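Build the full structure now, drawing on both the sequences and the hints.
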Amino acid sequence: MGNDSNRVTRRVFGAGVVATSLAGVAPSFAQGTPKRGGTLVATWGGGEPQACYVPAGGGSSPTFSSSKLFERLGSRTMEGKFQGELAESWKPAADFKSYTLKIRKGVKFHDGKDMTVDDVVYSVSEIWKKYAAASALTDFAGITAPDVDTVVMTFNTPIPEFFFSSLLCGNVNYIVPKHVYAGSDPVTNPANNAPIGTGPWKFKEWVRGSHFEYVKNDAYWRKDLPYMDRLIIRYVRDPAGRAAAMEAGDIHIGVFNPVAPPDIKRLTGTGKFVATPKGYEESVWSTTLECNMRNPVFAKREVRQAMFHAIDRNFLAKTIYYGYARPGTSPIYSPNKEFYTTDTFSTAFDPKKSAALLDAAGYPKKADGKRFAVNLLAAGWFTENGKIGAYVKQALEDVGVAVNLSVPDRPTSIKRIYTDYDFDMAISNQANPSEPVPSTTQYFTTDGIKKGVPFRNASGYSNPEVDALVEKIKVETDPAKRKALVFQFEKIITIEAPLLPMLELESITVASTKVQNHSNDPNYLAATWYDIWLAS
Amino acid sequence: MAGELASPAAPPRITRGSSRRVAALRLLRRRLIQAVPLMLGVVVINFVLIQLAPGSFLELMTAENQVSDPATIALLRTTYGLDDPVWLQLVKYIWALMRFDFGFSYRQNIPVIDAISVHLPATLLLMISSITLALAVGVAAGVVASMKVRTFWDTLVSVAAMFFFAAPSFWLGIMLIVLFSVKLGWLPVGGMATIGGTSSGAGGVLDILHHLILPTLALGLFYAAIYARVMRSSMLEVAQLDFVRTARAKGLSRNQVTISHVLRNALLPVVTILGVQMGTVLAGSVVIESVFSWPGVGSLLFDSVSSRNYPVVLGIMVLGSLVVIAANIAVDLIYMWLDPRIEIR
Chain A
1 MGNDSNRVTR
11 RVFGAGVVAT
21 SLAGVAPSFA
31 QGTPKRGGTL
41 VATWGGGEPQ
51 ACYVPAGGGS
61 SPTFSSSKLF
71 ERLGSRTMEG
81 KFQGELAESW
91 KPAADFKSYT
101 LKIRKGVKFH
111 DGKDMTVDDV
121 VYSVSEIWKK
131 YAAASALTDF
141 AGITAPDVDT
151 VVMTFNTPIP
161 EFFFSSLLCG
171 NVNYIVPKHV
181 YAGSDPVTNP
191 ANNAPIGTGP
201 WKFKEWVRGS
211 HFEYVKNDAY
221 WRKDLPYMDR
231 LIIRYVRDPA
241 GRAAAMEAGD
251 IHIGVFNPVA
261 PPDIKRLTGT
271 GKFVATPKGY
281 EESVWSTTLE
291 CNMRNPVFAK
301 REVRQAMFHA
311 IDRNFLAKTI
321 YYGYARPGTS
331 PIYSPNKEFY
341 TTDTFSTAFD
351 PKKSAALLDA
361 AGYPKKADGK
371 RFAVNLLAAG
381 WFTENGKIGA
391 YVKQALEDVG
401 VAVNLSVPDR
411 PTSIKRIYTD
421 YDFDMAISNQ
431 ANPSEPVPST
441 TQYFTTDGIK
451 KGVPFRNASG
461 YSNPEVDALV
471 EKIKVETDPA
481 KRKALVFQFE
491 KIITIEAPLL
501 PMLELESITV
511 ASTKVQNHSN
521 DPNYLAATWY
531 DIWLAS
Chain B
537 MAGELASPAA
547 PPRITRGSSR
557 RVAALRLLRR
567 RLIQAVPLML
577 GVVVINFVLI
587 QLAPGSFLEL
597 MTAENQVSDP
607 ATIALLRTTY
617 GLDDPVWLQL
627 VKYIWALMRF
637 DFGFSYRQNI
647 PVIDAISVHL
657 PATLLLMISS
667 ITLALAVGVA
677 AGVVASMKVR
687 TFWDTLVSVA
697 AMFFFAAPSF
707 WLGIMLIVLF
717 SVKLGWLPVG
727 GMATIGGTSS
737 GAGGVLDILH
747 HLILPTLALG
757 LFYAAIYARV
767 MRSSMLEVAQ
777 LDFVRTARAK
787 GLSRNQVTIS
797 HVLRNALLPV
807 VTILGVQMGT
817 VLAGSVVIES
827 VFSWPGVGSL
837 LFDSVSSRNY
847 PVVLGIMVLG
857 SLVVIAANIA
867 VDLIYMWLDP
877 RIEIR
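Heads up: the sequence lines are chains A and B, in that order.
The first sequence maps to residues 1 to 536 in my numbering.
The second sequence maps to residues 537 to 881 in my numbering.
Everything labelled a hint here was simulated from the structure, so no lab data went into it.
Any given hint might turn out to be false.
Unchecked claim - Under the rule of at most 27 Å between Cα atoms (straight-line distance), these lysine-lysine pairs were calculated in the DSS-like manner:
#, chain 1, residue 1, chain 2, residue 2
1, A, Lys-451, A, Lys-483
2, A, Lys-481, A, Lys-451
3, A, Lys-204, A, Lys-35
4, B, Lys-719, A, Lys-265
5, A, Lys-337, A, Lys-352
6, A, Lys-272, B, Lys-719
7, B, Lys-719, A, Lys-514
8, A, Lys-91, A, Lys-35
9, A, Lys-514, A, Lys-91
To be verified - Only some residues are given here: those of chain A computed to face chain B with a beta carbon under 8 Å:
#, residue
10, Glu-213
11, Glu-247
12, Val-453
13, Glu-476
Just so it is clear, the structure is predicted and the values come from calculations on it, not from any experiment.
Quick reminder that beta carbons are idealized off the backbone N, C-alpha and C, glycines included.
Structural data, given as C-alpha cells:
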C-alpha cells in the first residue's frame, strides 16, 4: 500500500442514505488458492444496530449487518458494470415504462424454502415501495409475475435504464421471504432480529452488546461458496479498543474507518495489516454546508456565495481529515464517472471576494466590525463536524459575520435541521450514489422539502427551473441527453449555492494481510462477502 | 443512607442476639419504606429530564425510516402515547411500573425488561468483581501501610494509591489491554466470553473470569486506591483509642490486636464510602464497558440516550436506583454487624 492507504477520515455513526453505485477501482487483495473453512471476525467504525435488519434501511449499521444475510436483485462491479444477483437479467420495454426481469432459479431461503417470483413481487410492492426505496419509486405503477421466473415492473413514466439498474442495486432493496413477512408489520416483525434471507451467511445468534454470529449457507446458489464457515461481526465502541483487538489478532477486518489515523499507520507499519480506500466508490461521503433560505439574509444568492468563498476547504481537508478528503466542486462527487463534471461555478477560498459580495448584497461592516449574525449548527454525529464548525466560525468572523456555533448530538441535530429548521447554516453530511435521482436531487428540489425527514432539502431552496430540470432527468432515457441535463443541474446548483459540497470524504478499510477478497465490491455496506477467505 | 449514625449525644444502644436481629429487621423495614418515595423521586426527575431533552425517539425513528406522511406520524404518536400530556404519560408510566411493567422498546422491538435483562447480569458481575477487588486490595494495602508507617511499604502504597486514583479509568483500561493483551497475549482484549467457545459448565465460568480480569482491574483499582488511603488513616486513628491500649495491656499479640480490634473498627469509614460509591461504580462501568466491549447496561444506556430510547433509559435508571438502594441497605446491615453498639436510624 502506498502512503494514501495509511490515512483515514472520520469515525462513523450511521446516518442512513440509500447508496447505489459508483464506478470503482480494480479489485485487489485476492491471491493464491482460496482456503476453505475458518472464522472471519469483522468490525466496523460505528455502533451496534437497533435491529439486524431494518426494512427502511435504518442507517448504515443495520445495512452492514443485514447485507450478509439478504441479497439484492443486482449489484455493481468494481469496474462500474451492473450485474445480476437474484435477477439474472433485466431489459426495458421500448417505451421504458416497464422492465422485464428474469429471476434466478434454484435459490433458497435460509429456512429451506424456494425463493420465487412471489417473493420478488411482495418485496418490491410491500417493502421497497413502502420503506426501502419509497423516495425512488414515486412513479412505480405495479409489478406482476407472468411466469415462474419472470417479473415485470411497470411505471407511470419512462424510467432511464441507469436509474432502474441502480434501483436494483439499492443498499437495502433486498428480496425478503413473503412467507415470513406477509400479513405482518414489516417494521416490527420479529424476523428483523433473526433474518431469513438468501445470502451466503445464515443468522445464528445475536449477543446484544457484543456480536452477530453468522454461519455458512450450505445451500447458497453460488456453488461451493462461501469459503469460510463462520462470520462474526463484532461491535467495539472504542476505536482504540478496535485497534488493540486487531493488533491482538481478535479482529481480522474493520471497515468504514475502524481505527484512528495514528493507529492505521501503526498497524500497517507492522506489515501485518493493509489499509485501503477501495470499496466505498458507490457510497461517497461528503461534508456539506447548507444555508437556510427562510432567513432573509440567505435568500440573496450573493450572500450564500460569499459564505462559501470565506472557507478554505483545502485547509479543512489537510488538518481535520488528515488529507483524506478533498474540496467538493459539485453536488455530484468526483468518483462518479457517469455524471460528474468540472464545468461548474467555483466558490474557491477568496476572503476579499467574499467581503465584496457581502458589501454588494447590502451588508457592509457596521461600527462594531460585524455585518450580521448567524446561528451555525454542526451536526454532532461526526466529531469532525464540530471541528469544522469551529473553523467555519473563525473564517466567517474574519469577513465580518458573527457566528453562534452549536454542536448538538445526533437526535437534536436531526430535529433542528430537518424538523424545526432551527439553523441559519448547517454543517451536515451526505452519502450519495452515482444515480443522482432522487438521492442528490432531493436536496435541491421543492418536493424534497419534507419536514421531519432527514437528508432532504432542509435549506428550503425552491427553484422552478431546477424542479423542471430534475423532472426531465427523471424521464430522459437517452444516456447522453440525460448526462447533459445532469451537468446543467450541477452548474445551476453551484451558481445558486443553497448548499456547499464542502468536502468529499474518503473512507478506509483496515484488514489483516491474511484476509483475501475484501474491498472488491464498490459498496462496502451492501457487500455480501460471499468470496472472502482467510489465508493461513 | 449508609452511615447515618445515632446522635452522638445519645449513648450507644447495645443490642445482642435476637434483639440485634430485630433491630436489623426494623432497619430493613424502615429502609424499604424510605425507598418508595426515593424511587418515585428517581422516576419523576428522570422522566422530566428526559422530556426536557430535545428530540424524541419517534422523530429519530421516523427519520431513520424515512417516514414523512403526517398521518402516519400522527398515528405513531397516538400508538406510543405521545399525544397525552406529559403529566398523564408520567402517571401511566408510574402505574405500569407498579405492575412491574417497564414498557416497550420500540426501537429494538422488544420489552424494556428484556432489553435490560440481557445486559444487566454483565454489569452486575463487573460491579461486584470490581468492588470485591477494590475492598480486598484497598483494605489489605491500607492495613500494611498503617502497620509499616513511614517505611518503604507505606510509601509504595501511597504512591500506588495516588497513581490509580489519578489515572483515568479509560486510559488505564487501554494501557492494560496494550500490556496484557497486545504485548503479552495473556488476556483477551474485550468481550465477556470467547465467541464460539464453551458457554456452559466450568469451562464457561473460567472463560468469563478470564475476560473479567482486565475490566475489573481497570474499574476496581481506582476504588482500591481510595479504600487504601481511607483504611490507612482509619487504622492509625483507631490504633490510638483506649480500647486498643487496653487490649495490648491484656497481653494480646500485635496481630491479634490489629485484626480483632483495630481492623474491625477501622472498616467502618470504608463501608460508609462503599455505600455512597455504589452509584459511581455503576456509572464508571459505562466507561469501562465501552473500552472492553463488555456487553453490559452501560453500552445499552449509551445507545439508548443517543437514540432517545426513553423507555429503556428510564428502565435502566429505575433498575440502577434499585441496585444502589439495595446495596446501601446491605451496607447498613454490615455496619450494624461490624459495630453492635451502633443502631442506624
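Against the structure, the hints:
no. : hint                       : verdict
1   : Lys-451(A) with Lys-483(A) : violated (30 Å)
2   : Lys-481(A) with Lys-451(A) : violated (33 Å)
3   : Lys-204(A) with Lys-35(A)  : holds (23 Å)
4   : Lys-719(B) with Lys-265(A) : holds (18 Å)
5   : Lys-337(A) with Lys-352(A) : violated (34 Å)
6   : Lys-272(A) with Lys-719(B) : holds (15 Å)
7   : Lys-719(B) with Lys-514(A) : holds (20 Å)
8   : Lys-91(A) with Lys-35(A)   : violated (38 Å)
9   : Lys-514(A) with Lys-91(A)  : violated (40 Å)
10  : Glu-213                    : holds (7 Å)
11  : Glu-247                    : holds (5 Å)
12  : Val-453                    : holds (4 Å)
13  : Glu-476                    : violated (26 Å)
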